[in-house]
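Here are the chains, one letter per residue:
There are 2 protein chains.
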Amino acid sequence: MSDATRDDPTLSPEYLTRLDAYWRAANYLAVGQIYLMDNPLLEQPLQLSHVKPRLLGHWGTTPGLNFIYAHLNRAIRKYDLDMVYVAGPGHGGPALVANVYLEGTYSEYYPNISEDKDGMRKLFKQFSFPGGIPSHVAPETPGSIHEGGELGYALSHATGAVLDNPELIVACVIGDGEAETGPLATSWHSNKFVNPVRDGAVLPILHLNGYKIAGPTVLSRIPQEELKQLMQGYGYEPFFLEEADTVAATHLAMAKLVDRMIERIREIQTDARKNGFHQRPRWPMLVMRTPKGWTGPEEVDGVPVENSWRSHQVPLAQLAEKPEHLKLLEQWMRSYKPEELFTAEGKLHPKLRELAPVGKRRMGDNPHANGGLLLRELRLPDFREYAIELPSPGSRIGEATRVQGKFLRDVMKMNMDSKNFRLFAPDEFTSNRWDEVLQVTSRMLAAEILPTDTGVAMDGRIMEVLSEHQCQGWLEGYLLTGRHGFFSCYEAFVHIVDSMFNQHAKWLKTCNDIPWRRPIASLNYLLTSHVWRQDHNGFSHQDPGFIDHVVNKKPEVVRVYLPPDANTLLSVTDHCLRSRNYVNVVVAGKQPAYQWLSMDAAIKHCSAGAGIWDWASNDQESSPDIVMACAGDVPTLESLAAVSLLREWLPSLKIRFVNVVDLMTLQPASEHPHGMSDKEFDAMFTTDKPILFAFHGYPWLIHRLTYRRKGHDNLHVRGYKEEGTTTTPFDMTVLNDLDRFHLAEAAIDLVPSLGAQAGHLRQRLRDKLIEHREYICRHGEDMPEVRNWQWKVK
Amino acid sequence: MSDATRDDPTLSPEYLTRLDAYWRAANYLAVGQIYLMDNPLLEQPLQLSHVKPRLLGHWGTTPGLNFIYAHLNRAIRKYDLDMVYVAGPGHGGPALVANVYLEGTYSEYYPNISEDKDGMRKLFKQFSFPGGIPSHVAPETPGSIHEGGELGYALSHATGAVLDNPELIVACVIGDGEAETGPLATSWHSNKFVNPVRDGAVLPILHLNGYKIAGPTVLSRIPQEELKQLMQGYGYEPFFLEEADTVAATHLAMAKLVDRMIERIREIQTDARKNGFHQRPRWPMLVMRTPKGWTGPEEVDGVPVENSWRSHQVPLAQLAEKPEHLKLLEQWMRSYKPEELFTAEGKLHPKLRELAPVGKRRMGDNPHANGGLLLRELRLPDFREYAIELPSPGSRIGEATRVQGKFLRDVMKMNMDSKNFRLFAPDEFTSNRWDEVLQVTSRMLAAEILPTDTGVAMDGRIMEVLSEHQCQGWLEGYLLTGRHGFFSCYEAFVHIVDSMFNQHAKWLKTCNDIPWRRPIASLNYLLTSHVWRQDHNGFSHQDPGFIDHVVNKKPEVVRVYLPPDANTLLSVTDHCLRSRNYVNVVVAGKQPAYQWLSMDAAIKHCSAGAGIWDWASNDQESSPDIVMACAGDVPTLESLAAVSLLREWLPSLKIRFVNVVDLMTLQPASEHPHGMSDKEFDAMFTTDKPILFAFHGYPWLIHRLTYRRKGHDNLHVRGYKEEGTTTTPFDMTVLNDLDRFHLAEAAIDLVPSLGAQAGHLRQRLRDKLIEHREYICRHGEDMPEVRNWQWKVK
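Keeping their order, the protein sequence lines are chains D and G.
Numbered by full-length UniProt numbering, the letters in the first sequence go through residues 1 to 794 in order.
Numbered by full-length UniProt numbering, the letters in the second sequence go through residues 1 to 794 in order.
Hints may be right or wrong, so weigh each one.
[To be verified] Here are the computed lysine to any residue pairs in the SDA-like style, where the Cα-Cα straight-line distance is at most 20 Å: (1) G:Lys-192 - D:Glu-226; (2) G:Lys-554 - D:Glu-723; (3) G:Lys-710 - D:Arg-709; (4) D:Lys-554 - G:Val-717; (5) D:Lys-721 - G:Pro-673; (6) D:Lys-721 - G:Lys-554; (7) G:Lys-710 - G:Glu-671.
Keep in mind the hints are simulated off the structure, nothing from the lab.
Based on the provided sequences and hints, a complete structural model is requested.
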């Protein structure tokens, strides 16, 4: 025993014996949650009536999670750490609930689950029980920012949480199952995006328990040396824990390793904070190889269970049919010696409770894990000041996202001191025209920076990595711990994080029902480089379907905006940055395009969410013959161009022009909080006139949102119908019948009263389309008539 | 110079000088494609009129891709290799087109693009030009199985391609941008799933050109030693190529490295095939560090372009405004010395053409890259033989996917010799009840296998890894090279590959328009562990939205099936395995459930896609009061249970019962090839009676598919509305108003003629719901009345 060890009371056999008891207590409570609905302290011999009729839960990962939790508690107390626990194997829900209960947090949040026998009985019963709590670590679990149902995002979440939190350490347990996923595999590289001066530290713990649901894991079946190379290749200094001959020895080894790693983190941070950050450190990480289902039944029905995939969920089942299983369960639970762990009243023994940190140092009560508690409003400049001055509609050209970028530049600047705002993008930050933000900050990189690099710095606040998964995961972690952000993405490729969006939306929905979870900043997406302007990259880059995906989630948590120009985009952006607990999806163009609304008009339009554009309509004196509606910048352009054709060629045709910014206004008010009343909808769209709707996305989304509206039978939607290739911008609309000529033709067809005039006009429009096709195939760009078109209607 | 080098004519300076010329020819053709529409051989001084008005394309990665292609050509000739080229940076489209043209393949597939001056002019002009070809490597490119627009899947595709193709080598270029994505990061581990005895080899080439669109890449900014550790940690033997002092030296170094790697692959394979496969080999891989935009303009407008992100797309732009750029372009193109490369007629010099492989050895003409050419039908057992014998509807219980598993077991068995069928699953193979396949094959693992493992073998044909991305990518690669497969996935988590599905569906859609692309086997999904039976895992596992996502793609390539029981699932499965060029999505339950249709009835029902179940209806003698429709196994159960309640309590109510298996039948025939005619639809659903549709997924999908139908205004859909947690199976339906009691109540409400009876029944149903809630919160499982319910209507 070294001097350091001898002098450290938390490494003494006595302390570690208590720590082992603490671990046993957590294991006991975990098994109790999975199995029992009564007799929590096993005061009576275990009977079938004490056991839940349906056994749900995941034992396999649980003892490992408990082991880590107990040792982290020790380190928190020893070093006074500010620490959050991310359980990648969040399906091991009983572990986190058990520990949060042991440290006293759980009963503070849920007084009904008290620290006594009755509380323990309820704790057991509620787990995976109707009316109780979910089987996974969930928003309901104090201390959690990570669900762990869908695997892959633990390390990204942990990284997002430590950004701009220099004192925070996030211990992040990664299961060897999860380690096989793509998002997790790339998230090891998060260490190239953490700055030890201003950010906290992630302590990854790869829990190699060897098995998934039904088979071995990949990383447990490669040589230790190879695994070491892998972790070194990822840029870490790996430490290894293996089960020792005795439990005491395993505890001692773990305690020492945890100390070494914490001290290494402190060294790295102290050095960087004192001497500046010059070189990316090799952060420590732990590979912990312990058996799946550790301390559980070794064998059941003659086959191995501990250290096998068979312990993944419930090691003992069919208790009603197999009385010997009930016996095994009782033996198993008693093997933890509950009588040594809990008082007769069912409270954790004071000598064990001493091992838990106190107050906000308890991982279940760490305020970072309830980010809304820490959330500070952003300081926001007046977005009106970034407006494009507009003498009249269509009189100027601007790049919407570039204008938004100016606004975001100043948001960044004004919150630089608060250190609570970051931007995230997969290699598309400049491409998406947010360049001006680079005037006040840089792309963040903690790896080598060359003298020739521009806009790259160790203290940048732009998080750019070619992984939508990482951007999303980091941003989620950042938001969940009480900060703000915006994610800019190519529209087609945001589908890469469809499932991550799902999980975040579900998390938010659940949080709305948990009073102690304080609201967090919304997750804001800018989707640009959108379908209509992927004429250069072609078919693979054309997909507007993310919004279809988004509107499947609870209306309470999702918002979709399609601002048609820069000023509306500014208004929407300001709104998104102020909102809480939503996912805001903003779809906007980055290409030079006509501007339609003055700032005042834009604010009014965005506040309503949808409205009639009088200046484009000529039905003021009468009722319209047709409603031309649109949503999205390119459809708005084509719709207006069609209107100007029609008004030139058919001045008697009465057109009402409607633009929709907030897509959710189309839904009935009963379906979405933003939904227009039927009265408003009918007044805007009429109940009996044809509506020709030019839509940014797949056309049926508009039908889906409006099918209960009176005018729905008169509604005709044009949108993207999966036609595209590398071609001209205007041709993209032609291929999908969304261009001005097709729209004008459709409008004519929808107004039967036009009679004889119609045939002639239709022919002119078709000639235009032929002319277009011939022109682009000859010249490779759009006709001057299209390129130079301007809104000139008075 | 070593003896080996001296003796090898393909390592001679003369040969490598020619190889360099070949490379220059490819570079010249690539630049030409990006810029020119005329004057292809630069016979005249370059003028603006020769240049395309819109410059679209990606230069940065292109010279590297060309360099690799030229060296692989050399190796193919030297070793007589059967080789396919996967270009991860597929946006470098000009490279692949240039090389396929140089080797003569392109003109064979597209005779209009002939091997002469006029052909070269057309080759240049068509690139990224309306009516021409896309800017990326695409289905239009001979030799390609990979688009490369959405990054991340190159190595998974390459791996899928070599499975069961022992003689095939797939050279897989991975950009350092792509290397940052999650799917790519985990796909390095594909080497644990390749068996050198029966599979071919993947040769990964990590192309470190240092930059993404606008900034440095992560892997180019870590020390070489760390990168080496990373690749070793992934299990490879990495080789490194850096640009040498002279081009000649770089060529020599590359040629030698390629030889070493090919020889290493052969050694590994020869050893394993002779001595058996005992230990996972360290396959070779190459890290090639060459500048982005290599050989392009070094500096433009005073800033570096070569070896910088600025060469990502078009290094010289604004040619009209900046005449000096036009000069630079001409200099650049002339730097390749086209006069040395092409004859006056515009054909590649015969001395260079000699360097290309011939016939099917040309990578552009490798039949594996047009998998339909090699596709052999599966031998299929008669699926009827696996039927559950059914005396009457609801008289037996079965697990649908387990029955499907028996069928798949025998499909596997019958095609074992053909080696063209594999199953893919992310850690859920057994969970999804395909266990019986394990009787005839195993999970594949080329890493360590322990004596305690069961169902794991080096020659297994079940590909199980906890990565939906890998499963999807491998399967796509396997299918694209002419084989068959099935992917079983948890329904909620298939969203992880939403974007991969997009790309595959787009690929198939495009292939339908390319006559020389032969049809390939469909991509088949079994989605199980579905939303209604994720009562145990809870909210994070509940999402039926993948089918919404799928139906956004072209109707020609997507099919969605919701078989309600085992026999219908068998019929659908057989159909899917016989189909070509589709994505088939099959949603089916794995839990014990009632069986409804005999095999004969199932076949009839599936052939129609939707139908009236007479045995559940009582409107035979008259018109119905209500149509009870359903799709999906649990909704079918609840709908039938509601019918049986109603028929007991309200015998006078005339109910028609409709079940839908093929969701696409609901769409108008004009929208989808499977769509029912309006006449059929109206006859089935009526045009004037209320329709209560119990649906597996989000309810609005049914509205979206049917909004053009006459009866749509009478349609009321119940489905998943994002309500759920860990609870009982029946409670999942209650939370979403899809249970029998809610359905019966809704039916009553929809038939106003019921009058006074309605109130009483409604109360009874509400009492049932209260009883349910109380029961589950007390007992933790569903009421016996629900659990033991049986169809007893005569």
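task: Enumerate the violated hints, using their earlier numbering and listing them in ascending order.
output: Going through the list in order, the structure violates no hint and respects every one.
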